[in-house]
Amino acid sequence: MSVPVAFNDIGKSTRDLLNKDYPIEGAKVEVKTNTSDGKSFKFNSQRDSKTGIMFGDIEAKYINIQKGITWTGAWTTSNQLNGKIELQNDFTKGVKFEILATCEPFAHGRLNKLNATHKRPSIHTTANIDLSKSILNINSVFGSEKMLVGAEVAYNIKKSEISHYNTAIAYSEKKHTIALHAANNLSHFTASYYKRLDNRLETTGKVSWDKGVNGVGVEIGVKKVLDETASVKGKIKNTGIVGISYTQLIQPKVKINLAAAIDTMRLNQNAHRIGFALMFEN
2 MSVPVAFNDI
12 GKSTRDLLNK
22 DYPIEGAKVE
32 VKTNTSDGKS
42 FKFNSQRDSK
52 TGIMFGDIEA
62 KYINIQKGIT
72 WTGAWTTSNQ
82 LNGKIELQND
92 FTKGVKFEIL
102 ATCEPFAHGR
112 LNKLNATHKR
122 PSIHTTANID
132 LSKSILNINS
142 VFGSEKMLVG
152 AEVAYNIKKS
162 EISHYNTAIA
172 YSEKKHTIAL
182 HAANNLSHFT
192 ASYYKRLDNR
202 LETTGKVSWD
212 KGVNGVGVEI
222 GVKKVLDETA
232 SVKGKIKNTG
242 IVGISYTQLI
252 QPKVKINLAA
262 AIDTMRLNQN
272 AHRIGFALMF
282 EN
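Numbering (the working numbering), first residue to last: 2 to 283.
Hints are computed from structural coordinates only; laboratory data are not their basis.
Quick reminder that beta carbons are idealized off the backbone N, C-alpha and C, glycines included.
Treat the hints with care, since some could be wrong.
Unchecked claim - Distance ranges between label pairs, derived from CB positions: (1) T36 with A102: 21 to 31 Å; (2) K13 with G69: 36 to 46 Å; (3) T77 with L115: 33 to 43 Å; (4) H177 with E229: 22 to 32 Å; (5) G95 with Q270: 50 to 60 Å; (6) N185 with T36: 35 to 45 Å; (7) S188 with D17: 41 to 51 Å; (8) V217 with D58: 29 to 39 Å; (9) F44 with M148: 15 to 25 Å; (10) R201 with W72: 21 to 31 Å; (11) K13 with L227: 21 to 31 Å; (12) T77 with M148: 33 to 43 Å.
All chains, full assembly: derive it from the sequences and hints.
Dropping the structure here:
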C-alpha cells in the first residue's frame, strides 16, 4: 500500500489550479540555481502594486542524500534570518524531523518550531510544536490510494485547552478527486471537485460555507495547456471576480507568468489587479 498525502495536501489539486500562477500582487522576479553537489540558491524579489514597497529574500539550501540531512537558510529584506534543518530516516525509517528557527537580529525576536513526520503505508502523521506560542499541532491521514480520511487538532499548552480542530475526507481516481473539509472547529465547510479531462485540460470547482457569516462562496477554474511551452488559466467567483493567467516558457529555464483579476461588479472603478512573475532557473 502507498503512503497517503499529508493532511495539508488533501484537496491540493483544486487549490493549485485556483491559486497558483496568479501573481496579481505586483511584479515578481525569481532566480534559482543548482549545483551538482546538492547545493541550491534562490533569490526572490517582489514589488507590491498597491503600496509600491519592494521586498525579497535570498535562500541557500544544501542536501546530503546519503546522510538524510537538508539545511535551508534564508535572509529577508526585513532583516529576518530563517533556518531549517531536516533529518530523515536517521532514527527510524519513515521518520523525519525538522528544526525551524527565525531570528530578527535588531528586534531580538525568535520563533522556534519543531516538526516530526512519520510515514508508512496507509498512514501519514505530522506533529509540530510552536515554542513561542506553546501550541502543539498534530494531524494524521489514514487510507489507501483512493480513500483518505484525516484529522487535525491544535492544543494550547499554556491554557491547557484545544485551540482548534479540523477534519477532511477525500476520494480519488486517476483523473478526478473529490474532497470535503471541515475547518475552524467545524464552522467552515468546503467541498471541492477536480477533474483532468485529458493531458491538456483540467477543471475544478469549490463551494464553501461559513457558519459565522452564513455565507456561501463558489469558485470555478480551468487550465488549458496550449503546447509544450504555454498554458492559460481562468477562474471565476460568485462575487464577480474573474481571474486570467498566461504562462509562457520563453526559452529553456526562463518562464514568464502574466495574470489579472477583474472585478466585474465594479468595472468602472479602480478595483482590478494585474501582475507578472519572471522566473529563471539554472
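Hints, verified against the model:
1. T36 with A102: 21 to 31 Å: Given range 21 to 31 Å: holds, Cβ gap about 25 Å.
2. K13 with G69: 36 to 46 Å: 25 Å, violated
3. T77 with L115: 33 to 43 Å: 22 Å, violated
4. H177 with E229: 22 to 32 Å: At 24 Å between Cβs, range holds.
5. G95 with Q270: 50 to 60 Å: For G95 and Q270 the Cβ distance comes to about 54 Å; the hint holds.
6. N185 with T36: 35 to 45 Å: For T36 against N185, whose Cβ atoms are near 43 Å apart, the range 35 to 45 Å holds.
7. S188 with D17: 41 to 51 Å: 25 Å, violated
8. V217 with D58: 29 to 39 Å: 37 Å, holds
9. F44 with M148: 15 to 25 Å: At roughly 42 Å between Cβ atoms, M148 and F44 fall outside 15 to 25 Å, so the hint is violated.
10. R201 with W72: 21 to 31 Å: Because 39 Å falls outside the window, the suggested range is violated.
11. K13 with L227: 21 to 31 Å: 24 Å, holds
12. T77 with M148: 33 to 43 Å: 41 Å, holds
Of the hints listed earlier, those the structure fails to meet are numbers 2, 3, 7, 9, 10, in rising order.
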